[in-house]
Amino acid sequence: MEKKPLEGVKVIQLCWAGVGVYTCNFLSHYGATTIRVETSTYPDPVRVFEPTAPTCKPGEPVGLERSVFYSITHTAPELGMVLNLKQPEAQEIFKKLVVWADVVIEGFPMGVMDKIGLDYEGLKKIKPDIIMLRSCGYGHTGPMATQPGFGSIITAVTMMDTFTGWPDRRPLAPTTYYTDQLVPMYAALSILAALDYRRRTGQGMYIDHSQMESGLNFVTPLILDYEANGRKPALKGNRSDYAAPHGIYPCQGQDRWVAISVDTQEQWESFKKIAGNPAWASEAGFATLSDRLKNNDALDALVAEWTSHLTAEQVMALLQGAGVGAGVVANSRDLDNDLQMNYDNFYRQIDHPYMGKLRFYHPAAIELSRAEADIKMPVLLGQHTDYICKEILGMSQSEIDQLRQKDVFK
Amino acid sequence: MLSCYRILDLTDERAFICGKALSDFGAEVIKIEKPGGDPSRFKGTFYHDIPDPEKNLTWFAFNTNKKSITLDIETDEGRAIFQKLVKKADVVLESFAPGYLDKIGLGYEDLYKVNPGIILTSITGFGQEGPYKSFKDPDIVVRALGGLIYTTGYEDRPPLNPGYQHTFIIGAMYAAVGTMIALQHRHLTGLGQHVDASVQQACVVVASAEIEGPYALFGRILSRHGRARGSVTLKDGTIFYNPLLWECKDGDIAFNLLLNQTSVKSNLALMEGIKKDGIDIGFLGQWEWDKKGWKDISPEQAKEVVNILSQFFRKHTKAELLDMAIKNRFQLGPCNDAGDVLNHPQLLARDYWKEIPHPELGASLKYPGGAVKMSGAECGVRRRAPLIGEHNLEIYKKELKLSDNRIRSLQERKVI
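Residue numbers (the numbering used here), protein chains in the order written: chain W, 71 to 480; chain U, 32 to 447.
Simulated from the structure, these hints should not be mistaken for laboratory data. No experiment lies behind these values; they were computed from the predicted model shown. C-beta atoms are modelled at their ideal positions from N, C-alpha and C, and glycine is treated no differently. Hints are not guaranteed to be accurate.
Said to hold, decoys possible - Now the stretches of chain U that chain W is said to cover, found in silico as 3 or more residues with beta-carbon under 8 Å:
| hint | segment |
| --- | --- |
| 1 | 200-207 |
| 2 | 272-284 |
| 3 | 357-364 |
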């Protein structure tokens, strides 16, 4: 069998929540061996995020293995180890793991790893060519280095909450934890680039990933428009300056909508035909794009009148069949049933010992023609502690038992 | 770091960021434009609002570091020149409709024959295969089918698409990572491959984190609730939509009130701040922060909490609230605009902004700095985006050794 893209790459991850984990997944989905180190004495908050899968046995506590969010984010093969890093013996074990590893990824604000000497300088002494990525909200230097930053907050500070809304109301967030899913791509690129560089030069690397700084790379056109023209993004509902009709239109059924974008004159002619060539569509006020943009209010109302007699699926099929952009405004059930997503085999069903069979485990949004993403059940807390101690670190069972009694593996 | 790799970039403006991100880590990226200039140069926002293809701000934003050559790959000669370039390249990036490159004889199989190590990365709305592959894929349509629009908006109005249309960027960034994974793979196998990035899938990844849990476990479909995003269950079993964005004195802030044990310290500090303003904190004065949560609160009390916080936030500016957040390590952030980020103390302290000269404009512009800071390597913007065909001579004459006559002839026939 052909080798996997990242076969042989060894990763240690100490990541909470989303960013670091999404970053690791790119490596672990495609062949890296990843050890997740965590502790039950201070668990990853994501392990208790709501909603959690109900327990079947009366009185059983929910515990740390039932959160959907944890489950959705940890879809790559990982080995799980518990280490209480407050214990000196645990720190020694961690250092041995660093000798084994190529990459260490951690996602705490500044200070947490430094206190126990496991910052980059500390790791470099143990393994000179180690690649270490540290990810936090605002970066690891400067006055906000220790400030925690959830994705919902970093989304706001990176201007992402300024461009969605109606002219007569305050702006909205385009989704809740937006940057959590955007900035891992830059973090993953930096690790992959560092691995490539190390192969050629033998050099390790320290990577300081500020989620705010990565996030701002997604809005550069808005920053340049402000600098050059003093302009801030206008709130304009679903309108576009380059297409009309362009919007979200009501359809038959409860809270059903369709997105339509008519981009070219040719598409406008097709749209008219599909809508049954109504008299209004041939009025002079809708003849060209600039006419339609001028009379957008009237146009939107007439388009909405047409769509409201059809289902969203019908409008999509009719318009796409005629080469005009249209799509169902999909909710979670639509995504589950979506023809393309199912064709892509995007959602995989996995039987989990605590959560049962669920069908939401998914790869990243890429397909490689020579490599398959490996999708696995989320790793349980400390699932492979003994295996790692024995097989990777060469420890004996009695040594492991002794350390366990000292609460090192907790 | 990646200067040993050459990337040929055929993408349109929606996917420019893919090559840009790779060039930030040092890759040599050659943007291939249609003779006369890439069509994207003619639409969008412009420097000083002057509609000039050399002043397009989206072009500036996502083509920094790249070189530009002009080439019509639909002509026989253009195709032959492109194939010559592919021989010495590592990656080709493209965002045409699925099947287009096959049709003009430059699909993956064709490129493989020229260079088996080549990686072809495709970025489209719905991927290369499947029932939607021939669908039109404008931003709003892909975002809708990707599940991100349904949950955004006010209850009494249609769902909302962002006014800054950027959805393809998410798929294009996945494509950049896929390209790097394929390059790693090539070191092991000697072979390139086809990387297929679907923007719909990219949206579903983003949407899933929020909507998939309630649906998978309870069949509950999350919809839109204005400025509130997360939901919590109250004492009487009703659902309360927890506000995320709040109006303050000079704009908006993001703050999600967490009522759990991890937030006791910051919640107490927030209450002190509110009391100092003379605002009555009502039942929260006796609240047992370390023991109780949303499940102990009635709907009336939830409304009271919102009212207390609204009053407080409206009295303060974004800067004051940020200051308070830093002092007490709150999870609170201003909804920054471009002016705010350009003067942001943390970004200034880290020397984030990169001033890039644009000699043709007689000016310089500040660009966001690198997405990461690395020891011993640079990441980010090095030079402004290229002019139309700025590197034609470098590539065609110096590298491919075409004669002056041949170049002139190709220009006259609009091949380059």
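Taking the hints in turn, this is what the structure says about them:
Judged by the Cβ-Cβ criterion of 8 Å, the segment 200-207 of chain U is covered by chain W as claimed, because 7 of its residues qualify and three suffice. Given a C-beta distance limit of less than 8 Å, the hint that chain W covers the segment 272-284 of chain U holds, as 5 residues qualify and 3 suffice. By the rule of at least three residues with a Cβ nearer than 8 Å to a Cβ of chain W, the coverage given for the segment 357-364 of chain U holds, with 5 such residues.
In summary, the structure agrees with every hint in the numbered list given earlier.
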